[in-house]
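**Q** Keeping their order, the protein sequence lines are chains A and B. All residue numbers in the first sequence are consecutive under the working numbering, ending with 90. All residue numbers in the second sequence are consecutive under the working numbering, ending with 789.
No lab work stands behind these hints: they were computed from the structure. All values reported here derive from a predicted model rather than from experimental measurement. Please note: incorrect hints may appear among the correct ones.
[To be verified] Far from chain A, by Cβ distances over 12 Å, these chain B residues were calculated:
1) R74
2) N118
3) A444
4) E515
5) T517
6) L775
[As the list claims (entries may be wrong)] Distance ranges between label pairs, derived from CB positions:
7) G59(A) with M226(B): 32 to 42 Å
8) L84(A) with E659(B): 46 to 56 Å
9) G59(A) with L21(B): 49 to 59 Å
10) E659(B) with S67(A): 54 to 64 Å
[Stated by the list, open to error] A partial selection of chain B residues facing chain A, derived with a Cβ cut-off under 10 Å:
11) C95
12) A97
13) R116
14) V117
15) T120
16) L215
A virtual CB, placed ideally from N, CA and C, is assigned to each residue, including glycine.
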Amino acid sequence: MNVILYLLGASLILGGGGLAIFLWSLRSGQYEDLEGAANRILFDDDQK
Amino acid sequence: MSAPAPTPSTCLHCNLPTARGRRFCCPGCAAAYETIQTLGLGRYYAQRILDPTLRALRPEPAERRDLSRFTATHSDGTHELILAIDGLQCGACVWLIESVLAGQPGLLAGRVNMTTRRLRLVWRGAADRAVSLVDTIESLGYRLVPFDAVSLAAASDSTDRALIRALAVAGFAAGNVMLLSIGIWAGEVGRLLHDMGPATRDLLHWFSALIAMPAIAYAGMPFFKSAAAALRQLRTNMDVPISLGVILVTGMSLVQTTQGGAHTYFDSAITLLFFLLIGRVLDHRARGQARATAEQLLTLRTSDVAVMRSDGSTERRSQHVIVPGDEILVGLGERIGVDGVVERGTSLLDASLVTGESLPTAAAPGSQVFAGTLNLGMPLTIRATATGNGTLLAECARLIEAAEARRSGFVVLADRVARRYAPAVHITALLTFLWWYLAAGVSISQALLTAAAVLIITCPCALALAVPMVQVIATGRLFRSGMLLKSPTALERLANVDTVVFDKTGTLTEPTMPLVIEPDRDQAALRVAASLAAGSRHPLARSLLAASGPVAVADDLIEHAGQGLQAGDVRLGSREFAASCTDYREAEGPELWLARPGQQPVCFRFAETLRRDALETVARLRSLGLDLRLLSGDHATAVAPIAAALGIEHWQAEHTPVQKVAVVEALARSGRKVLMVGDGLNDSPSLAAASVSASPASAADISQTVADVVFQGNLLAPVATLIEVARRARSVMRQNLALSIGYNSLMVPLAVAGFVTPWLAAAAMSSSSLLVMANSFRLRGRST
Numbered sequence: 043m044n045v046i047l048y049l050l051g052a053s054l055i056l057g058g059g060g061l062a063i064f065l066w067s068l069r070s071g072q073y074e075d076l077e078g079a080a081n082r083i084l085f086d087d088d089q090k
Numbered sequence: 006m007s008a009p010a011p012t013p014s015t016c017l018h019c020n021l022p023t024a025r026g027r028r029f030c031c032p033g034c035a036a037a038y039e040t041i042q043t044l045g046l047g048r049y050y051a052q053r054i055l056d057p058t059l060r061a062l063r064p065e066p067a068e069r070r071d072l073s074r075f076t077a078t079h080s081d082g083t084h085e086l087i088l089a090i091d092g093l094q095c096g097a098c099v100w101l102i103e104s105v106l107a108g109q110p111g112l113l114a115g116r117v118n119m120t121t122r123r124l125r126l127v128w129r130g131a132a133d134r135a136v137s138l139v140d141t142i143e144s145l146g147y148r149l150v151p152f153d154a155v156s157l158a159a160a161s162d163s164t165d166r167a168l169i170r171a172l173a174v175a176g177f178a179a180g181n182v183m184l185l186s187i188g189i190w191a192g193e194v195g196r197l198l199h200d201m202g203p204a205t206r207d208l209l210h211w212f213s214a215l216i217a218m219p220a221i222a223y224a225g226m227p228f229f230k231s232a233a234a235a236l237r238q239l240r241t242n243m244d245v246p247i248s249l250g251v252i253l254v255t256g257m258s259l260v261q262t263t264q265g266g267a268h269t270y271f272d273s274a275i276t277l278l279f280f281l282l283i284g285r286v287l288d289h290r291a292r293g294q295a296r297a298t299a300e301q302l303l304t305l306r307t308s309d310v311a312v313m314r315s316d317g318s319t320e321r322r323s324q325h326v327i328v329p330g331d332e333i334l335v336g337l338g339e340r341i342g343v344d345g346v347v348e349r350g351t352s353l354l355d356a357s358l359v360t361g362e363s364l365p366t367a368a369a370p371g372s373q374v375f376a377g378t379l380n381l382g383m384p385l386t387i388r389a390t391a392t393g394n395g396t397l398l399a400e401c402a403r404l405i406e407a408a409e410a411r412r413s414g415f416v417v418l419a420d421r422v423a424r425r426y427a428p429a430v431h432i433t434a435l436l437t438f439l440w441w442y443l444a445a446g447v448s449i450s451q452a453l454l455t456a457a458a459v460l461i462i463t464c465p466c467a468l469a470l471a472v473p474m475v476q477v478i479a480t481g482r483l484f485r486s487g488m489l490l491k492s493p494t495a496l497e498r499l500a501n502v503d504t505v506v507f508d509k510t511g512t513l514t515e516p517t518m519p520l521v522i523e524p525d526r527d528q529a530a531l532r533v534a535a536s537l538a539a540g541s542r543h544p545l546a547r548s549l550l551a552a553s554g555p556v557a558v559a560d561d562l563i564e565h566a567g568q569g570l571q572a573g574d575v576r577l578g579s580r581e582f583a584a585s586c587t588d589y590r591e592a593e594g595p596e597l598w599l600a601r602p603g604q605q606p607v608c609f610r611f612a613e614t615l616r617r618d619a620l621e622t623v624a625r626l627r628s629l630g631l632d633l634r635l636l637s638g639d640h641a642t643a644v645a646p647i648a649a650a651l652g653i654e655h656w657q658a659e660h661t662p663v664q665k666v667a668v669v670e671a672l673a674r675s676g677r678k679v680l681m682v683g684d685g686l687n688d689s690p691s692l693a694a695a696s697v698s699a700s701p702a703s704a705a706d707i708s709q710t711v712a713d714v715v716f717q718g719n720l721l722a723p724v725a726t727l728i729e730v731a732r733r734a735r736s737v738m739r740q741n742l743a744l745s746i747g748y749n750s751l752m753v754p755l756a757v758a759g760f761v762t763p764w765l766a767a768a769a770m771s772s773s774s775l776l777v778m779a780n781s782f783r784l785r786g787r788s789t
């Protein structure tokens, strides 16, 4: 049953990683303009 | 993508109606169209989706202003400015603004936030570079207003982020603990098959504790703090049972884990926090957004004041630092920033926001003028008078304070429920413990565990979501339709309204007064009159110009303040000023006369018009069973026709702010719940006195500050929508409360009897929360 220990560890690391990424994206302001982000996909910027 | 070609009678740029055959409504639009085409951004017109309820994209003459106060300079030599954008219609506008800015040299960032409708500019080089950048965007028809960097930083929401972080942590922990719990529950069932031994179960319990304990400590903070604050004041709120339940359950579970017990409730505790935080975050967001927008609308309008120095030069200062005795120069088209007395100059003042009178009044040396009045004529020098000495603004501020103090404390539905609910829950849990421990004689930990199960089941998770969830959805819906709910309790107060009191000028009527249409009008005369009118900011002149379409301004134009305009021998103005001939017709309302040498004087008449949808809105409000009244500071002759047109029986005219408050309070005393809708300074005390109040976004600053709701756009329909949404929200709130309390009363006997196991608790709690959420979302789906 040692495999449970590995699996638990792995799941915690993966989950914790996801949490860390979310907190990072929150801090870098990616949730500040959800409406704009949805619209920006539609611009085809050929000049940049 | 190809856009339908605009019909010939609408402007290619702003889509407003134009004279037949013209492509543009005004030179500003033509220039904007030209600019956009030259930059190769013509696709904008094909891709945009115009919202007819928003302000049209017609460029207006730029106001000179000083942006330096709003510009922040960073240590690396870059400058930053944040502006509010008015006129943002859809994603294409964002693209247009950013594309236009992309070509500007030295600009490091020019990014539009579509949610908050703000533009952030970062550039290198001269600090006043912003002026040209802002002018470029404004020439396209948008209007930009700078934000004060300092106040913006103060307002930027750290609570919002803290809540979202707590939500993220709780979500992570809830997911993982639940995963482990499902293993434990499965093992419980499978124990008959000897699948999971106690050692494995204990291991999983320990891991659950490891994840849940720190997460609960972190994510529960908002609730613990609020509960502690309430307890310190010897009150109780919804957070008290929540905190107590979570802490007790976690503690019990930890004891169980150390003793190798079968049941732990870590999953329930953390999932509970997760659901509660969802409600909390949404609630905070919706409210913060509405309030911030309302504040920003106001920020935009506070402008600097030109103070005369002793050497005759002027200096622009913030309105707040003006002291009585300062001499202030107020130019044409500027709003007077202070209360004062005219020292030099004669002019016409538009006091509609202050007194509710729709026609301008003349000002001469010695006249008292009020903050908020618009100067329509010649520059005036004003001596600021002491604040608080009988000036209208001070008077209104005093009345507001008194009215607000009298306003009875409104207790929101959720708190009323919480007040009774919390003690009931605690007593039930205590009795359960006592019964099991003393009467049934089980071990103390077993009795405590059963009591904890009661707390978990009764933990007002669904109850705590029931009201905020509805508020968030309703506030969000109103926000999208341009209504800003500033007070969290406004929704519930709106739902109770049975009487609506309207102000007239600027509320029921359009802020401008259009020319009366006469079929046999002499078009040549209109064009001549318009060429004179083009040089004035008098509202009647503006309306004349709007009716004639663009014309060139007449040469040698002289404005005689309070009388009219003169260009050579041609005169446009009041009857006495222009039409020297004997007159046979009685004046029916505001009018302008055009006198040309050798020709009969021509009369242009104007009439105050109702807002486009006033009739419809009044009908809608009536069908909601509301009693409508009209209360105005204007003359009875101006009020009567408006009341008649709308079929409002109860109307009163020539009311001072004090009388208005008295009327509103008399209504309140007779047991009515009054919604006051008004825009003027003179309305502000009665806005505060009413049980709930609304102002259009064009209202005086003080009215907007006092009002619970600010609505944007040129329509009156928001007033009816507000009440409809509020009433539906109230009924959904009640359903939610009934649902969650009904659910609890079903489950409590099971918990007291000791039948509730961790999996049942978790399932019951989650499903009741989800049920309440789903019910709340019904508000969103229906369209009104």
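**Q** Among the hints numbered above, which are violated by the structure, and what are their numbers in rising order?
**A** 2 and 7
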